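Fit chain B to the given chain A structure using the hints.
Protein chains: 2
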Amino acid sequence: MLAPGRSRIGFIGIGVMGAPMAGHALDAGFELAIWARSREKAAPLLERGAAWAASPAELAAGCDAVVTIVGYPADVEDLYLAADGLVASALPGAYLIDMTTSSPALAMRIAEAGAARGIRVLDAPVTGGDVGAREARLSVMAGGAEEDFAAVEPLLRVFGPRVVRQGGPGSGQHAKAANQIAIAASMIGVCESLSYARAAGLDPVRVLESISAGSAGSWSLSNLAPRIIGGDFAPGFFIKHFVKDLGIALASAADLGIELPGADLAARLYRELEAAGFGESGTQALWFHYTGAPEA
Amino acid sequence: MLAPGRSRIGFIGIGVMGAPMAGHALDAGFELAIWARSREKAAPLLERGAAWAASPAELAAGCDAVVTIVGYPADVEDLYLAADGLVASALPGAYLIDMTTSSPALAMRIAEAGAARGIRVLDAPVTGGDVGAREARLSVMAGGAEEDFAAVEPLLRVFGPRVVRQGGPGSGQHAKAANQIAIAASMIGVCESLSYARAAGLDPVRVLESISAGSAGSWSLSNLAPRIIGGDFAPGFFIKHFVKDLGIALASAADLGIELPGADLAARLYRELEAAGFGESGTQALWFHYTGAPEA
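If you're matching them up, the sequences are chains A and B in order. Our numbering numbers the first residue of the first sequence as 1259 and each following residue consecutively. Our numbering numbers the first residue of the second sequence as 1259 and each following residue consecutively.
Some hints here could point you the wrong way.
Stated by the list, open to error - These stretches of chain B come out as covered by chain A in the derived footprint (C-beta under 8 Å, 3 or more residues):
| no. | segment |
| --- | --- |
| 1 | 1417 to 1424 |
| 2 | 1471 to 1481 |
Claimed, not checked - Computed far set for chain A versus chain B, every beta-carbon distance over 10 Å:
| no. | residue |
| --- | --- |
| 3 | G1425 |
| 4 | A1455 |
| 5 | A1474 |
| 6 | A1551 |
Since the hints were made in silico from the structure, they are not lab data. Source: prediction; values computed, not measured. For every residue, glycine included, the Cβ atom is placed at its ideal position computed from N, Cα and C.
Chain A with its partners taken away, still in its complex shape:
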């Protein structure tokens, strides 16, 4: 079992999510090692005592567990399955935990490749965004063998109080897909509700006062509708990332043989917004589909 003061954790992906998460691991007393494309980015963590590794292979060879949280499934595939990747380089018995929102099928492939070498692989994507990462309030959805989950749970708990094993390899990614599917429809509901209110000449603040606390209520309505009303389209969560996540979810849904017309609609609208130059806006900029887009 991973434990502070005893286990050495490798970390790859020192971004808006990964940097504070790695910091929490350090704070909890885990020994930390880092690899990143640019050493500069790792400097604040290195100053706090993290060790530097020259490559993913070197990192994996020296750690009890490696956590990754990177961009796209292609990045995950390369990092784990390349000839000098994590699976090839990790010590037998080591844990590899991918916290990227990535493809369930890829997570299963990596777990199989790991198993063939005695490496324990888990997928453990999160929700809660950069704020959740900073405040150690992420929800972690893990997929992997029960005993492997039990072994890494003390580490995952430094990222947030809600850490749930969803099932075997890939099931963490599946749960995250289910999460993004629910959000997709929710965003459509918020934007269409506000769009209707606007067309009807209502005061959107009063409408929210009437409807937020009832059966139309949602996190999106309470948190993103006020930003739309205030003209704030800064990213809590980037449209370009949501397009990625919905693409993963819908590809997986197709593999599973199910149709999700609401998620399909959302994915189409978000792809159009990305194509129109709004990839760097927050997901609440779905609003522009309904009101017409300003110049991006």
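Positioned in the frame of chain A, the structure of chain B alone reads:
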């Protein structure tokens, strides 16, 4: 201003919503009169001291305010605009308050017809369902002149603590439409998220544990997803009523010149379910669109 002990309130529509609402008016000390198609239905309220009126015209002629909460816009139109209807029969200066979920355009027509006779008309649909009606926790969205709203507010507040004037005549109905539009997408999100989780072989209870408290969270996910998982499709809110409400909202959206593809999708799926015999099921039976319907 309407006041307990001084104002006589007429009530039409003693159904699952109206009956407890009329009871709250009595409890608050308003004098109550009732008309209903069948006197039997009114018996419990008559026993508690309400007076009986032989027709809507007789009711209107003897009351300071009349509250209606009936079925469909056609019922509202007939009740208010018939030759012997409420608008023709009410005393000048009286208040007519339609709390049915009905058409904004019709609400505006009735308000105009009322104004021509010195009758003060308000639309004031509610959310919160039968439970909210029983527990006096409805959210009331009112449309009408500011001074008329101020005058009837003491009555509306016996139905729930959240009473908001949305604007002029019709704007209460517009706000209710915005509410139903948000719910429509929310229900799609819940069903698609659970449908994905099911196809992926996840335990839906664990998925909810991971996603309900985060940015995918909603009233529907917290309250209706557990019913779906438990196989409970009993109506909190009937599909046949939701089909009516979405029909009103989308007709109004078309009048306003806006497109709401998410609400369109939901309306189509719910109409299909109603046609398949699920009109008497709860809105969570949208689930059957995704899993295939059992015999209705």
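Evaluated hints:
1. 1417 to 1424: holds (count 4)
2. 1471 to 1481: It holds, with 10 qualifying residues against the three required.
3. G1425: For G1425/A, whose nearest Cβ neighbour in chain B is about 6 Å away, the distance does not exceed 10 Å, so it is violated.
4. A1455: violated (5 Å)
5. A1474: Since the minimum Cβ distance to chain B is about 4 Å, A1474/A lies within 10 Å and the statement is violated.
6. A1551: holds (15 Å)
Hints 3, 4, 5 from the earlier list are contradicted by this structure; the remaining hints agree with it.
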